[in-house]
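Student: Go by the hints and put chain B onto chain A.
There are 2 protein chains.
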Amino acid sequence: MIKVRRIRCSSFAMAGSEAKKPVAKQSGGKKKEVKKETGLGLTHRKAENFGEWYSEVVVNAEMIEYYDISGCYILRPWSMAIWEIMQEFFDPEIKKMKIKNCYFPLFVSPGVLQKEKDHVEGFAPEVAWVTKSGESELEIPIAIRPTSETVMYPYYSKWIRGHRDLPLKLNQWCNVVRWEFSNPTPFIRSREFLWQEGHTAFATKEEADAEVLDILELYRRIYEEYLAVPVIKGKKSEMEKFAGGLYTTSVEAFIPNTGRGIQGATSHCLGQNFAKMFEINFENDKGEKAMVWQNSWAYSTRTIGVMVMVHGDDKGLVLPPKVASVQVIVIPVPYKDADTQGIFDAVSATVNTLSEAGIRADSDFRDNYSPGWKYSHWEMKGVPLRIEIGPKDLANKQVRAVRRDNGAKIDIASAELVVEIKKLLGDIQQNLFDVAKQKRDECIQVIHTWDEFVQALNQRKMILAPWCDEEEVEADVKARTKGEMGAAKTLCSPFDQPELLEGTKCFASGKPATKWTYWGRSY
Amino acid sequence: MIKVRRIRCSSFAMAGSEAKKPVAKQSGGKKKEVKKETGLGLTHRKAENFGEWYSEVVVNAEMIEYYDISGCYILRPWSMAIWEIMQEFFDPEIKKMKIKNCYFPLFVSPGVLQKEKDHVEGFAPEVAWVTKSGESELEIPIAIRPTSETVMYPYYSKWIRGHRDLPLKLNQWCNVVRWEFSNPTPFIRSREFLWQEGHTAFATKEEADAEVLDILELYRRIYEEYLAVPVIKGKKSEMEKFAGGLYTTSVEAFIPNTGRGIQGATSHCLGQNFAKMFEINFENDKGEKAMVWQNSWAYSTRTIGVMVMVHGDDKGLVLPPKVASVQVIVIPVPYKDADTQGIFDAVSATVNTLSEAGIRADSDFRDNYSPGWKYSHWEMKGVPLRIEIGPKDLANKQVRAVRRDNGAKIDIASAELVVEIKKLLGDIQQNLFDVAKQKRDECIQVIHTWDEFVQALNQRKMILAPWCDEEEVEADVKARTKGEMGAAKTLCSPFDQPELLEGTKCFASGKPATKWTYWGRSY
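Residue numbers (numbering that gives the first Met the number 0), protein chains in the order written: chain A, 0 to 522; chain B, 0 to 522.
For reference, chain A alone in the conformation it holds in the complex (with noise of 0.2 angstroms):
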C-alpha cells in the first residue's frame, strides 16, 4: 500500500493555514476599478508567523484562489505552468526510459479496493464514496481513487503472460482524492491534487532495484535543478516505509522557518506482496511460473508548496528562473517631459530580443499603475528578474536589472542584453539553491545522546543521528516526543551515509548503532 504519509501527508498541519484564508481583502465590496490588492505587500512576515504567511503568499501571488469546498484549491495560471514545466521535465525523461502514459479510471470498486488488507487499512478513512447518480441510489457504492495499485494491478495481472510481456512499465498524469480532515494547506495537503504515478513490473528484482534509484534521481533533479530546494535521499524506516511494499525511498527536504522534514516525492520497490495479491504471475524464460516485482512512484503538487516555503519572503514569492512562466519583466519608467515613445519602444525591443533568445519575458506597460506598484507586483509574484528602462537608460543605451532574490541591480549594455540576462537567470538559480542548502545545512545537527536529541528538536533542527534500526526503537522515540509540536520521526537512512565508527551507540536505545538516520518533525 502507499499510505498517505509518504507523499504528502504530515502528522500536524501548520495551525491556522486554512481556517484564517486571507480572502476578506481578495473579495471586497463593490466591484470598482481599484488597484489590485497584490503587490501590495504582505500583512504577515515569514519568520513571524509562518502559516499565516503561506497562505497569503500562494493567494497574493495569484498562485491559489481558496475554492468553496474546504481541502480544494484552484491552480490558477501562475502556479498551473510551474507544474507544467516540470512535467515538461520529466515526462520525457521517463519516456526516454521505455515508460508509457496511460490512463486509468477515477473509480474503484470496493471490491478489489479491499483486496490489499494494508492497502485498504492505510486508506479507508479518507476514501470519498460515490453513493448516488443523479437521484437514484448506486446498488455498490464506488471509491474515487486515493492511488491507483488496485486500479491498475487486475489488469497487469491479465496483460503479463510470458516473459516477453516484461516489463511492463506505466505512467498517468491524474488527480487523487483524499478526504482527510486534518487542517488542509494549499499544495501541502489537500483534498484533491494533481500528480503522476508510475507502476512499472520486472521479471527481476535488480532491474526493480535499479528503477527505483533511477527514478528517485530524476526527483531530486525536479527539486534540486528546477525548484532549486536542497534535498536528501535515502531509504525510509521499516515503520515509515510504504507498508506492504519491500522499501521505500525518498527525497526529503526541510523548511528551516518551521523546523519540519517534508517528504518531497517516493520511489518505492513493492517487491512481490501485489504480485501475490493480485496474481500477477508470468511464464519465465526457463518455462516456469515466476511473479512479477514491481515499483511504484509519485510525485505531486505538493513539490509547488515546498518550493514556495522555501524560498519566499516578505516580499512575497520567489520563483527560481527554471520553473518561472515569467523569468524577466520589462517596467517602463517613464518621466515627465521623457521620451515617452522611445521608452515604450525600448522595453519592447528588451522583451523582443529576450523571447527571441527563448527566454521568457514579458513587459507591463499597463497605464493606470505606476512604475512602484509595478515592481512591488512583480516581486509579489516572483518573478526573478526585473528589468526598469527609463531616460537614463535610454540614454546611455542600456537597461537596468534588478534581482528577486537578493535585490542586486545591475546596469546592462543593450548590446550584451541576452549574453548578460541569460548568465543573470543562471546565477539566480544557482544563489537560490547555495542559499537554501546553506539554511538547511546549518538546520541540520548531529547527535549521539538523547539529551541532544531533545534540545535539537526543540531547536526545531533535522536531526542526524546514529541508530540501531529497529522498529520499537523508532515507536518508543515517537511515543516519548508526542506533544503539541507532532512527535518525531525518521525521515529518511542517508544513501551518503558518513562513517561510523565502530562502537557508536544507538542515540535512544543504547544498543549499536547500525546506520546513521535523519529524525525531526514532518509534514
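A couple of the hints might just be wrong.
Stated by the list, open to error - Lysine-lysine pairs mimicking DSS-like chemistry, simulated, CA-CA at most 25 angstroms apart:
hint, chain 1, residue 1, chain 2, residue 2
1, A, LYS373, B, LYS285
2, A, LYS421, B, LYS95
3, B, LYS116, A, LYS131
4, B, LYS157, A, LYS373
5, B, LYS321, A, LYS95
6, B, LYS408, A, LYS114
7, B, LYS421, A, LYS94
8, B, LYS97, A, LYS321
9, B, LYS421, A, LYS95
10, B, LYS373, A, LYS97
11, A, LYS373, B, LYS99
12, A, LYS285, B, LYS373
13, B, LYS131, A, LYS131
14, A, LYS99, B, LYS321
15, B, LYS314, A, LYS157
16, A, LYS168, B, LYS373
17, A, LYS314, B, LYS157
18, B, LYS157, A, LYS94
19, B, LYS94, A, LYS421
20, A, LYS99, B, LYS373
21, B, LYS373, A, LYS131
22, B, LYS131, A, LYS373
23, A, LYS157, B, LYS373
24, B, LYS421, B, LYS408
25, B, LYS438, B, LYS234
26, B, LYS321, A, LYS97
27, A, LYS321, B, LYS95
28, A, LYS321, B, LYS99
29, A, LYS116, B, LYS131
30, A, LYS373, B, LYS168
31, A, LYS408, A, LYS335
What the hints assert, rightly or not - Computed, partial: chain B to chain A, Cβ under 8 angstroms:
hint, residue
32, GLU64
33, LEU105
34, VAL126
35, ASN367
Treat the hints as calculated values from the structure; they're not laboratory data.
On a predicted model such as this, the values are computed, not experimentally measured, just so you know.
Idealized CB from N, CA, C, for every residue including glycine.
Tutor: Okay, now just chain B, sitting in the frame of chain A:
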C-alpha cells in the same frame, strides 16, 4: 447550460456495444506463454456488425481495456499516445492565443451547481454525488463536475473587476464524469472521459464571436489534419444549441456504416446569460458597469473513437500517420540459410535512420512470432507503414514498404529511405482523408420534399435540406421520425451554404426556406 449531448451524447447508441464486449478471448484461462490474440484477426466485420466490430477493434488493437465498472474504460498507451499528440498540437495553439492553463477542483457544491436552472436540468440525472468519506456521511453531498461552468464562474466574478482584467482566457485539461445509463461505448460515450474545456470572458461580443470561430478552426484541424476525418463546420439549431448560451458552433463528422452524424467538438458563445447568473460584471473604459461576454469550448477523447470508426477496416485499426505513435514498424524476414545477422543489422539501421529523421519508427525482433503473425499484429494495431527486410532486400540494398491504408507494396532503395518514407507517410495521411471524404460525400443527399427526406433517412444518408429554421418544425420532424433507429434531428447549418434559390420551400413545413441545414440520425 452545456447539455451533455452537445459534446458527446447521442439519443441512440450502438446496440450491444458493451453488452457483448469481447473479453472472453482476452481473459482466457491458463496464463501460458501463448501467442497473443491480437493480430489473429477479427471475428466481426465492419460492414456486417458495426457495433461488435468496433468493440473488438478497440480492444484487440490494445487501445482500450474494458474496466470492471460499466461505462469506464482504461486508455492504454496505444490510445493515450494519440490523445497526447493532439494535445501537443492544440495546447501551443491556444497558448499563442494567450489562453492560459489552470486547474479547478473536481468537486462542485450543490448550491453553485444549481445556480443556473437550465444547466442543472440538463445535467441533474447524470451527476455523480459523493456522500461519504470513509465511514462518515458528509454534511452536504458534493457533486463531481460534469463540466466546469458552475465550478469556474463564481471566481470569474471575483477576478474580473475592470476592463483591464479582460479578456480572461483559461483552459484546463481534465476528467469529467457523466453517469449516463444508456449504452456506453468506448471513447464515444463513457461515464468518465478526458477533455479540455476552455472558458473565456470578453468585454465585447465581437471579441467573443471571433474566438468562437478561431477555436472551431482548431477543432477542424484536429479532425481533418490530424485524424484525417472530414468534418462540416456549422451552427447548431435553436433546439440543438447549448441551452442557456447564445449560439453553438460545431464540427460534425459522419459515420457511413451506421448512417449517423456525430458531433465532433463544440465552440459555444454563451452570450451574457452566465454573466447574469454569476454576476460577472466589470467597469468598462467609460467608467460604466458592464457585463462580460463569454465562450466555452471543448473537445474530448471522443475524437479517437470517431477516427477508429471512420478509418478502421476488417483487419483492425487504421491510424493516420500524424497521430500514430509508431508510424513505421520494421520487421526482419529471415529465411533459412540467410544472413540473419545482416538482416537484423539492416532492421536496426533502418529504425535508426528513420528515427534520426524525426519519423516514429520501431522494430519487432520477437523470436517467438513468425513474420506473417507480426504483419497481422501491426495491421491490427493500425501502423500506417510496415517495412519488411529479407535476404533479397539485403542483397538489393532496398527495403519493402507495405501501406496499411491500401496494401500497396513499394520497394525503396536504402539510399532513398528517408525521403521516400516521408513521402509515403504524407500520401497515406492525404489518402485516408480523401477516401473518408469521398465516402462521406457519397452519403450526403440533397433533398427538397418530405418523401425524399424519409427515403434518404432510411438509406442512412446525411441529408442536406432547405429549412425554415423554426423550432417547432424541428420538433415535429423528430416526432414524425421517432422509431427503433432513433429520430432525425438537425446536425448543423453549414457555414458553407449552397445557393438558396428564391422561392425554395422548407422540406418539412412547406414554408419559405431560410437556409440549408444538415439532418440525420446521430450519436
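Student: To test your reading of the hints: which numbers does this structure violate?
Tutor: Numbers 6, 18, 21, 22, in rising order.
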